[in-house]
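K.L.:
Based on the provided sequences and hints, a complete structural model is requested.
Residue numbers for the sequence shown follow full-length UniProt numbering, beginning at 1 and rising by one.
A portion of the hints provided could be inaccurate.
To be verified - Capping the alpha-carbon separation at 20 Å, the derived lysine to any residue pairs in SDA-like fashion look like this: (1) K269 with D295; (2) K33 with L20; (3) K226 with R267; (4) K243 with A140; (5) K236 with I210; (6) K7 with R19; (7) K226 with L167; (8) K69 with I293; (9) K232 with F23; (10) K48 with K71; (11) K232 with L20; (12) K196 with K71; (13) K69 with K243; (14) K273 with D224; (15) K71 with E61; (16) K236 with Y211; (17) K196 with K157; (18) K273 with G283; (19) K226 with D263; (20) K33 with G5; (21) K48 with D295; (22) K226 with F216; (23) K69 with A49; (24) K157 with L167; (25) K69 with I83; (26) K33 with D213; (27) K243 with A136; (28) K245 with G258; (29) K226 with G258; (30) K245 with L260.
Worth flagging that the hints you see were computed from the coordinates, not collected in a lab.
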Amino acid sequence: MTENGDKRVCYIPGISSTRLADFALNDDSNRSKQMMQYFLKGFEWIHKAQYLLFSSIYELESQAIDVLKSKLPLPIYTIGPTIPKFSLIKNDPKPSNTNHSYYIEWLDSQPIGSVLYIAQGSFFSVSSAQIDEIAAALCASNVRFLWIARSEASRLKEICGAHHMGLIMEWCDQLRVLSHPSIGGFWSHCGWNSTKESLVAGVPFLTLPIYIDQPFNSKMMVEDWKVGCRVKEDVKRDTLVKKDKIVKLVHEFMDLDGELTRDIRERSKKLQKICLNSIANGGSAHTDFNAFISDVMHL
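P.N.:
Written out as structure tokens, the structure reads:
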């Protein structure tokens, strides 16, 4: 698949032109074969179900959802984004834990839209060599950043030392961070929950997907919704994105008035409104959720 990863598929109903490399489980590894069998077993349950619920935002994936509705013999409801209302997050008291309150206080002290939030997910990770390139780039970039690095946090603090403008931690309340006004971008692995949270927050993406649905989520962000930029264009799995390229990309991406991201930021705010409207009275998620409850009550 790597050799043909740049080739595009244009014939799947409801799906726009997509690189082969962006489809889930596109290699021949044993891990991918096992994962595919796991997912196929899940699909077998659809024909035994009475209803199908998606944590998707209908307005953003309407073509694919409409195709599924035309093909499957059961009601389909889109109830995304299925995350807490940001007004509740913003009005919550600050975390009582000292370590957790510290990063909020740090964000409070940063200029609006100046911080790049970096989180590469909980289950899969890029290689240590790639993490080192990212760390070297960030520390040389003079861009403010909050990096959630989990088990790598201690090592990265040693690599970066005190000569950078960032904060490296093992964990944060991601919803709270994304809703903070100092956040100007999200370097993301493109997991679906993270994708929805950032869309609702109106924060644009730098995408570095790893596995399963993440490459396709990245494709939607960059090509379909136009709210992000790819960190890595090369479809080869083991290709490293080098420090100098990352420094240049981060500088351009975090330039609030730059040509690279001006349109991306405008689009991010438009999609934020679409997501918020979907959960408002009369919105797609609000309507579908009420319809689902009504159907269940009348069983």
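K.L.:
Give a verdict on every hint.
P.N.:
Cross-check of the supplied hints:
1. About 34 Å separates the Cα atoms of K269 and D295, which puts this hinted pair outside 20 Å; it is violated.
2. Distance hint between K33 and L20 is fulfilled; the C-alpha atoms sit about 16 Å from each other, no more than 20 Å.
3. Pair hint K226 plus R267 holds up; C-alpha atoms about 7 Å apart against a cutoff of 20 Å.
4. Only pairs whose Cα atoms come within 20 Å are accepted, and K243 paired with A140 is accepted, the gap being roughly 9 Å.
5. A C-alpha spacing of about 12 Å is found between K236 and I210, which places the hinted pair at or below 20 Å, so the restraint holds.
6. Between K7 and R19 the alpha-carbon distance is near 5 Å, which keeps this suggested pair within the 20 Å criterion.
7. Of the supplied pair hints, the one linking K226 and L167 is violated, its CA atoms being roughly 28 Å apart against a limit of 20 Å.
8. Between K69 and I293 the CA atoms are separated by roughly 19 Å; this keeps the pair inside 20 Å, and the hint holds.
9. Restraint check for K232 and F23: the C-alpha separation of about 16 Å stays at or below 20 Å, so the hint holds.
10. The suggested pairing of K48 with K71 holds, with an alpha-carbon distance near 15 Å, which does not exceed 20 Å.
11. This hinted pair checks out: K232 and L20 have alpha carbons roughly 15 Å apart, not beyond 20 Å.
12. For the suggested pair K196 and K71, the alpha carbons sit about 26 Å apart, so the restraint of at most 20 Å is broken.
13. Distance check on the hinted pair: K69 and K243 sit about 45 Å apart at the alpha-carbon level, beyond 20 Å; violated.
14. The hinted pair formed by K273 and D224 meets the criterion: a straight-line CA distance of about 17 Å does not exceed 20 Å.
15. For the suggested pair K71 and E61, the alpha carbons sit about 16 Å apart, so the restraint of at most 20 Å is met.
16. Between K236 and Y211 the alpha-carbon distance is near 13 Å, which keeps this suggested pair within the 20 Å criterion.
17. The suggested pairing of K196 with K157 is violated, with an alpha-carbon distance near 29 Å, which exceeds 20 Å.
18. Simply put, K273 and G283 have alpha-carbon atoms about 11 Å apart, close enough for the 20 Å limit, and the pair holds.
19. Distance hint between K226 and D263 is fulfilled; the C-alpha atoms sit about 8 Å from each other, no more than 20 Å.
20. With a C-alpha separation of about 18 Å, the suggested pair K33 and G5 falls inside the 20 Å cut-off, and the hint holds.
21. Between the alpha carbons of K48 and D295 the distance comes to roughly 17 Å, so the proposed pair stays at or under 20 Å and holds.
22. Restraint check for K226 and F216: the C-alpha separation of about 14 Å stays at or below 20 Å, so the hint holds.
23. Of the pairs offered as hints, the one joining K69 and A49 holds, with about 14 Å between alpha carbons and a cut-off of 20 Å not exceeded.
24. For the suggested pair K157 and L167, the alpha carbons sit about 9 Å apart, so the restraint of at most 20 Å is met.
25. Restraint check for K69 and I83: not satisfied, since their Cα atoms lie roughly 24 Å apart, outside the 20 Å limit.
26. For a cut-off of 20 Å, the pair hint linking K33 to D213 stands: about 15 Å separates their Cα positions.
27. Pair hint K243 plus A136 holds up; C-alpha atoms about 6 Å apart against a cutoff of 20 Å.
28. In summary, the hint linking K245 to G258 is supported, as the alpha carbons are separated by about 17 Å, within the 20 Å threshold.
29. For the given pair, K226 sits about 16 Å from G258 by alpha-carbon distance, which is consistent with the 20 Å threshold.
30. Distance check on the hinted pair: K245 and L260 sit about 15 Å apart at the alpha-carbon level, within 20 Å; holds.
Checked against the numbered hints given earlier, the structure breaks hints 1, 7, 12, 13, 17, 25 and satisfies all the rest.
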